[in-house]
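Colleague: For reference, the chains in residue letters:
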Amino acid sequence: MLSNQQIKTFSLSTTRQMPKVVLVGNPNAGKSTLFNQLTGLRQKVGNFPGVTVDKKSGLCSLSPGKVVEILDLPGTYSLYPRSPEEAVVQSTLLNPRHSDYPDLVLVVADAANLRRHLLLFTQIRDLGLPCLLVLNQMDVAQKNQLEIDIQKLQQLLGCEAIGLSARRGDNLEKLKTLIGQQLDGSKNKLSLPPLVNPVFLGIEGLDMVQEHFQLPNAYQAWHFLHNYAEMEFLAPADKVFLQKVKESKPFDSVALQSKEILARYEIIDDLLGAALRQAITLARIPFEERVDAWLTHKIGGYAFFVLLLLLVFQSVFSWAAYPMELIDGAFAGLGQFLQAQLPVGAFTDLLTEGIVPGLGGILIFIPQIAILFFFIAILEDSGYMARVVFMMDRVMRPFGLHGKSVVPLISGAACAVPAIMATRTIENRKERLITLFITPLISCSARLPVYAILIALVIPDDAWGVFLVCKA
Amino acid sequence: MKTLADLKKGESGTIRSFSEPGLSLKLLEMGFLPNSEVYLCGKAPLGDPLWVRVGGYQLSLRKAEAATVFLEA
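Chains as they are written, first to last, in the numbering used here: chain A, 580 to 1051; chain B, 3 to 75.
Keep in mind that the hints were calculated from the coordinates and are not lab data. Please note: incorrect hints may appear among the correct ones.
Partner residues aside, some chain A positions facing chain B, computed with beta carbon under 8 Å [stated by the list, open to error]:
| hint | residue |
| --- | --- |
| 1 | R694 |
| 2 | Q836 |
| 3 | S837 |
| 4 | I840 |
Each residue gets a CB set at the ideal place from its N, CA and C atoms; glycine is no exception.
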């Protein structure tokens, strides 16, 4: 458990003496689930310096008296950044003076999609950072009849690896032990030869860059040369130096990067050939594809979607009625009770007619919001939302939106704040901004009674202009 | 030249090259490697985006993006 002192140092963010462990991985690798499992509720959300990217960090006690700080970096497919979120990953891992420079990198990979997820791992391994491969979603891999020889994988990669399922929470203690061992042993570890040696990819000047910045290996120099323009931690003079090196030789960044990716996939395929076996070919996929074909059918797909939304909203309103009645009753009772007990006066009025009904008027919407979010979570986790995104993309595009805009727009009906936060999954900046600005236009359920009150206040009971207003 | 966007449902092709350098890196990272086979599982109701299987997993991409992937004739 944590002592008060440890919590204090954490909140003062003078945590430099505490070892830092960062989580890196592709989107959907299950990083956040693992992060929640490791840190429990001891988390804080801040910002990365200079960018508006959420930084989630928390404490994890590995063993009694041994606490590390865990940091959840944004999901990325590779070390080459394509969004502000992804740039954070690169600048954290390549700048030893960064306040979040890790003592250990946990690379989280989806065991059921190992090939693609290993690409990022091999890149981080080649940077020469102490790292640990976490094969997540082992339960799914097992269900898909994938046999992963972790021993063999460790041997070929030269790094420790562990298989677990963050969702089920198994093997977490073993992971904590392994993190502790890695942190103890990382100082005197020999640096591994790179899996892909950038020197052989036809690039020149790496040695100059490596020497100038005192970098531990050529692959770090490679990233400096490719991305110096976006590396805000470099001094202007250093950028000029890198530009000169780059311009002194023919340098085609895209061609070099694709060479690197291809070389990595070649190695990954060799690796998986030795360490991965699929026991039987899947007879299940055709069934899933049939379901998918039905869910995204040109008429049936939309009809099902509309029906599902109707069902969700109908049950939200009918189910929420009971707890709402309870809350309403409780606050009315509280108001009456206070009025009876307290002497007549301005303070009593403030309490019984202002604060108590005011609080009640807010809390009454919690059941609706909670139930709607429960349904949205089911739709997302079952993978149905991904099908909706696929179906709706073409429909949303004329409005400058992305298929993924559907998710925030629907959850905006529950509450706009988390809905706006959900827009971050949209990669294209313009589409993300448009979604962000129109999401508040979806009325969240808490706003409906406000409209009702406004209408009652502003519009007279009987005929008003050409409109005939009916009021219950 | 034949592109991924020209495939019909149930057809497959072999990836040859890419026409847009920036996007090609992203596609390479996602497993669209030259000489690997790509299979069109289906299309969204309005014919766009496409649903493909490549390198053992499925993903979807817009038709305009698919048109930058050249296939073997």
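Colleague: Run every hint past the structure and note whether it holds.
Modeller: Now the hints, each set against the structure:
1. R694: 6 Å, holds
2. Q836: The hint holds - Q836 of chain A has a Cβ within 8 Å of chain B, the shortest such distance being about 5 Å.
3. S837: Cβ of S837 of chain A sits 6 Å from chain B, so the hint holds.
4. I840: Where the cut-off is 8 Å and the nearest Cβ of chain B is about 5 Å from I840 of chain A, the hint holds.
Of the hints listed earlier, there is not a single one the structure fails to meet.
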